[in-house]
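As a plain string of letters, each chain reads:
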Amino acid sequence: MTLLLSFISGLMFGLGLIVSGMTNPAKVIGFLDVTGQWDPSLGLVMAGAVLVGFFAFRHVKQTHKTLLGEVAHLPTGQHIDRPLLAGAALFGIGWGLAGYCPGPALASLLAGEIQPVIFTLSMVAGMLLFNRTH
Amino acid sequence: MQIDFAHFTPVSAFVGGILIGLAAAMLILFNGRIAGISGILGGALRFSETRQNQWRLFFLIGLIVSPWAYGLFLALPTVKIHTGTWGIILAGLLVGYGSRLGSGCTSGHGVCGTARLSRRSMAATLTFISSGMITVYLLRHL
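In order, the protein sequence lines correspond to chains A and B. For the first sequence, my numbering gives the first residue as 1, with consecutive numbering after it. For the second sequence, my numbering gives the first residue as 1, with consecutive numbering after it.
Keep in mind the hints are simulated off the structure, nothing from the lab. Some hints could be false.
Computed Cβ-Cβ distance ranges for the label pairs, DEER-style [what the hints assert, rightly or not]: (1) A:Leu74 - B:Thr50: 34 to 40 Å; (2) B:Thr50 - A:Leu67: 22 to 28 Å; (3) B:Gly71 - A:Phe55: 30 to 36 Å; (4) B:His141 - A:Ala47: 24 to 30 Å; (5) B:Ile134 - A:Met1: 43 to 49 Å; (6) B:Ala69 - A:Leu51: 20 to 26 Å; (7) A:Arg58 - B:Ala69: 29 to 35 Å; (8) B:Gln54 - A:Gln37: 41 to 47 Å.
Examples of chain A residues lying across from chain B (beta carbon under 8 Å, computed) [to be verified]: (9) Asp39; (10) Val60; (11) Leu67; (12) Glu70; (13) Ala88; (14) Gly96; (15) Tyr100; (16) Leu129.
Where chain A lies over chain B, by a calculated footprint (3+ residues, C-beta under 8 Å) [as the list claims (entries may be wrong)]: (17) 14-22; (18) 40-54; (19) 57-70.
For each residue, glycine too, the CB sits at the ideal point set by N, CA and C.
Starting from the given sequences, assemble the full structure and let the hints guide the process.
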């Protein structure tokens, strides 16, 4: 049951990325290009997602349980440390370079272009490198 | 700053964002998990965690088949990719390694972390948006 819900969540996440235009790298780079012709769309995607997510997370933060009565796994880290900021900075450089982040890359694998496939293979290599060293 | 009204799509962006928010809400409400794509994929790539990995694989399969499901009803939007192959490879390595080192990406920190008002995630989100903006500035305007 939860596995099916997990599948539906992934599917809906991907559909949201496609509908919002975030699987188009030019649109992502258009948001990051604040000094040029700025496309604020990505900001509205985040606003819509955060708005809905806020109510769900507020509920789970209070109960610490899922609606099915299981334990909810909320992150516990509070500390803003060096790996967090260094990792985010590196991630942002890659994001600005190609206009892909993990979600849109995976949601573009079957869309027909070769670039998301190359990006995903390379991203997996970067993750495996991290897993090997940590 | 000049707003690019020719490419700005406020309605579809907001509607798509709500779908993403619903997907994240569903995963935390029913599975008790954070919809952070880099965490889910990076976790799945630790092949030893076989029991934990079931929900991750189901989520990833849903995400991967989404363009196919969308294509059953509508034509997929056209995309523009200006980065060359070596740029794509470098970007993938940075995104893969960086998102794992920083414990999250646009979905885990940007959407879920911000929605649960985590200071850590907000700091990460501001950092990657800033470094992304600086990267695009250096590539486009210098």
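Do the hints match the structure? See the list:
1. A:Leu74 - B:Thr50: 34 to 40 Å: Roughly 23 Å apart at Cβ, these two residues miss the hinted range, so it is violated.
2. B:Thr50 - A:Leu67: 22 to 28 Å: Hint holds: Cβ distance 26 Å, inside 22 to 28 Å.
3. B:Gly71 - A:Phe55: 30 to 36 Å: 31 Å, holds
4. B:His141 - A:Ala47: 24 to 30 Å: 27 Å, holds
5. B:Ile134 - A:Met1: 43 to 49 Å: 45 Å, holds
6. B:Ala69 - A:Leu51: 20 to 26 Å: Because 24 Å falls inside the window, the suggested range holds.
7. A:Arg58 - B:Ala69: 29 to 35 Å: 30 Å, holds
8. B:Gln54 - A:Gln37: 41 to 47 Å: Hint holds: Cβ distance 45 Å, inside 41 to 47 Å.
9. Asp39: 5 Å, holds
10. Val60: 5 Å, holds
11. Leu67: Nearest chain B Cβ about 5 Å off; hint holds.
12. Glu70: 6 Å, holds
13. Ala88: A:Ala88 check passes; min Cβ-Cβ to chain B is 4 Å, inside 8 Å.
14. Gly96: 3 Å, holds
15. Tyr100: 7 Å, holds
16. Leu129: Result: holds, 6 Å to nearest chain B Cβ.
17. 14-22: holds (count 9)
18. 40-54: Since three or more residues must qualify, the claim that chain A covers the segment 40-54 of chain B holds, with 5 doing so at under 8 Å.
19. 57-70: n = 13 at 8 Å, threshold three: holds.
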